[in-house]
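Fit chain B to the known structure of chain A by using the hints.
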Amino acid sequence: MIAPKSNGQPNLATDFCGIKSPNPFWLASAPPTNSGYQIRRAFDAGWGGAVWKTLNHDPIVNVSSRYAAVDYDGRKIIGLNNIELITDRTLDVNLKEIAEVKRDYPDHALIVSLMVESKRETWHDIVKQTQDTGADGIELNFGCPHGMSERGMGAAVGQVPEYCCMIVEWVKEAAQIPVIVKLTPNITDIRLAGRAAKKGGADAVSLINTINSVMGIDLDTLAPKPAVRGKGSHGGYCGPAVKPIALNMVSQIATDPEINLPISGIGGIQAWQDAVEFMLLGSTSVQVCTAVMHYGFRIVEHLISGMTNWMAEKGFQSTTDFIGKSSPLLTNWSDLDLSYKVVAQIEPEKCINCGLCYIACEDGCHQSINIESVTEKEFLKRTPSAKDRVFTSGNNQYTHGAGDGYVNIFTINQDTCVGCNMCSLVCPVQGCIDMKEIDTGKPSMTWRQYQALLAEGKIDPIQPPEHV
Amino acid sequence: MPTRNSKPTLKQLKQNFADVHPPLTPDEAITESSRCLFCYDAPCTRACPTHIDIPSFIRKIMHKDNVGSAGTILDSNIFGGSCARVCPTEVLCEGACVDNTMLNAPVQIGKLQRFACDTAHDQSFNFYQPGPDTGQHVAIIGAGPAGLTCAHELRKKGHRATVHEARSVAGGLNTLGIAAYKITTEFALTEVDRILHLGIDLKLKSRIDGAKLAKLLDSHDAVCLAVGLGNTAPLNIPGEDHKDVMESLEFLFQTHTKPLNKCRIGKHVVVIGGGNTAIDAANAAIRLGAESVTIAYRRDKQSMPAFDHEYEFALASNVDFLFNAKPKRFMTKAGKVTGLRCTRTRLQGKGRNAKLVSVPNSDHTIPADFIVKALGQEPLLDLLKSVPKLKINRKNRIVVDQTTGATSVKNLFAAGDCQADTMEEVVNAVQRGKITAAGIHAMLTEGSPGR
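Respectively, the protein sequence lines represent chains A and B. Take -9 as the starting number for the first sequence in this note's numbering and just add one per residue. Take 84 as the starting number for the second sequence in this note's numbering and just add one per residue.
I should point out that these hints are in silico values taken from the structure, not numbers from a laboratory. Keep in mind that this is a model prediction, so the values were computed, not measured. All clues stand as given, with none of them false.
Calculated cross-link-like contacts (lysine-lysine; reagent style PhoX-like; alpha-carbon spacing at most 20 Å):
id: 1; chain 1: B; residue 1: Lys493; chain 2: B; residue 2: Lys472
id: 2; chain 1: A; residue 1: Lys233; chain 2: A; residue 2: Lys315
id: 3; chain 1: B; residue 1: Lys147; chain 2: A; residue 2: Lys66
id: 4; chain 1: A; residue 1: Lys215; chain 2: B; residue 2: Lys147
id: 5; chain 1: B; residue 1: Lys194; chain 2: B; residue 2: Lys147
id: 6; chain 1: A; residue 1: Lys331; chain 2: A; residue 2: Lys426
According to the in silico footprint, chain B covers these stretches of chain A (three or more CB under 8 Å from chain B):
id: 7; region: 55 to 67
id: 8; region: 344 to 355
id: 9; region: 389 to 399
Beta carbons are placed, not taken as given, at the ideal position from N, Cα and C, and that holds for glycine.
Chain A on its own, in the form it takes in the complex (with noise of 0.2 Å):
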């Protein structure tokens, strides 16, 4: 860990409308909170809140088997997915288990996630029930993709605005302790969903839950993933690769002038950066699930410490003064400065000659680096640190990077490189190609403001850029 700045250790204590932890890392409501034996692991580990596994009055019924899994080239579980129903324990071990737990951990957060028919009297009971245990809060599950939405809860609440405004309405009824509803994505737009939140009373949502997904099929059998006995359904997608949409609908909730409630973020979250991204998007907390069904309850260690020694270098003491900080920053497309531009620039020493920059700005975007093909000779005269690539062997000299007696070179066209990043995605060392500013010499206008100018016959309209 870094030296702490003289402003003292940043401080990761959290306040989640009302509900306290020592941390922003909290469990998401799924299979690693299913048992206090779980969650009393968890906390000893380091987590500073668990949402309990969603109960009902009457333990469901799962099948087998119930995850599947996306891998990308060599590495393990990008994306998972499960058909896993909510809670297979009993009503009274789960509130039991709840009680015991919030006795041992007065400090950790502890909430309880629910899901029951839709009755007002149903409602109320569980909740009461539920906060006689002294949990901390409430979360309603309303974006369950599978199986509890074809029998009229989960998802099939949360895509109904008016639903989860009226199911809100009946908890919050009983409720004397927060009370938290978590969102589905599988929704054309999560601010309708967002103020019926509000507006049934809610004090905090969370997002988003899994989105609906079919993962893919086995091709050996022709059977769907996860397979029972020769059949799948589609079931609930998360991961890492879902952070980016989890992203967008954070900031989308986080911006709504008619719902300003607190965010806890979930979707993909396995890295401090990840959490750091949600919070920066307006989250208080953040959930966390399929990295810890990956990896165990330890990665949260990496967390803390990713997050402080971050807050330390950013001159941040608690969290709250860096949550939202970016939402500003997220606009319309139409707010975007069109005289702004950057190019792509690589760093000679830095490139290892593997030519993906080059392939990908040719086929898939803007041709505009150039290939030439040098003899060695050349290549270590124009690059001299490349010296350190010749080797020789018996009678046999040999270069990384060099083949057939050449070495290719690559070079941008800033004339024509429109500044579209993919070859610095692209790029595998760091560092090697940058995106460089430069001075178009351009007074700022957004496209809002060249509509406008234009519509005054103010300016001439912009020409299109020369293609091969």
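For chain B alone, coordinates are given in the frame of chain A:
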């Protein structure tokens, strides 16, 4: 590690010769394949003499298309499985890999290539069929990698191919001349079988001399000489004819042709030479149970033609090196070899052309009861000189058009070591076989080898 027991059992010897580099497991192959960046105009592909599309075959492994991967490899190199084992990948594809620059370690291309080829082999997959019969008939002299590759390519085009091989086994040095710890006889022969499967007429124990070659030229539409080279050059020093002074290729052959406990070996072995064959022989000697093995080389370490990785591997196998030791005579006593008498040398000047001078009064004897000579192969000059009008260069190699393999004699082509100025690898022979086959095909179909 090799055992140092004076009389190792056959089982121990087999263990000594077991794969030095074990094959990748499927998990290892998937993980390693995911390291490949999939370079554009990839340096590895360019550095491979046969230009195998390496990023493509690696990506197919990553996507669990091992048969497709093997197809990509074999399309460019029909000896892909052998080359995966015996290629000096360190100085070829893996030496060119850009991951060296970024991560100080290349993708293990050789091992991945072996993984793909072995999978296809395990599934007995046939990749190629003969082309429609053209009625043309080509004779190929020599069933080594160059000759067999040439025959394979011609057969794919529908030409008849008859291969004459002087030895009783096909595959040439790929089968016999590489120490058995690198490639097993069985595996080398499976790659030969894949080629013969196309319907190639292989005549073993069919040694071709000048007179027979003249007849073949008469009776065939084209003839390809792929005879390779002959034995090690003689030292012409006393004691050379002793039965315990062995020629390096003969020494290596026995690890393929005899049970390992019947191979000839001594307790204290000296290998003369500084090339890769010397290292192969020394490593094989250690694995055959020699108590000590010393490589004696007349120049210094920097001048040694052996690859650095081979040198390091020999050191790790407990081979000793004695540099600047020039053999003077083989010492014998009571009918037995007792040592190698050497003179110390030093180099005047720099580089490989530095002049070698003997240090006066520096004679010394390396004790040995078995000595292997690995001094580089000599061309089969008698055969080459018996062919009228065949041009040979001052290194006694056949002069060919490098783009077609055509020699100075009408309808006579050449491929492989017999036309190469320097010692080459299996992978170079394969490429020469491909080029010459293309030249022959062009002549048979267009009337001239063309370009």
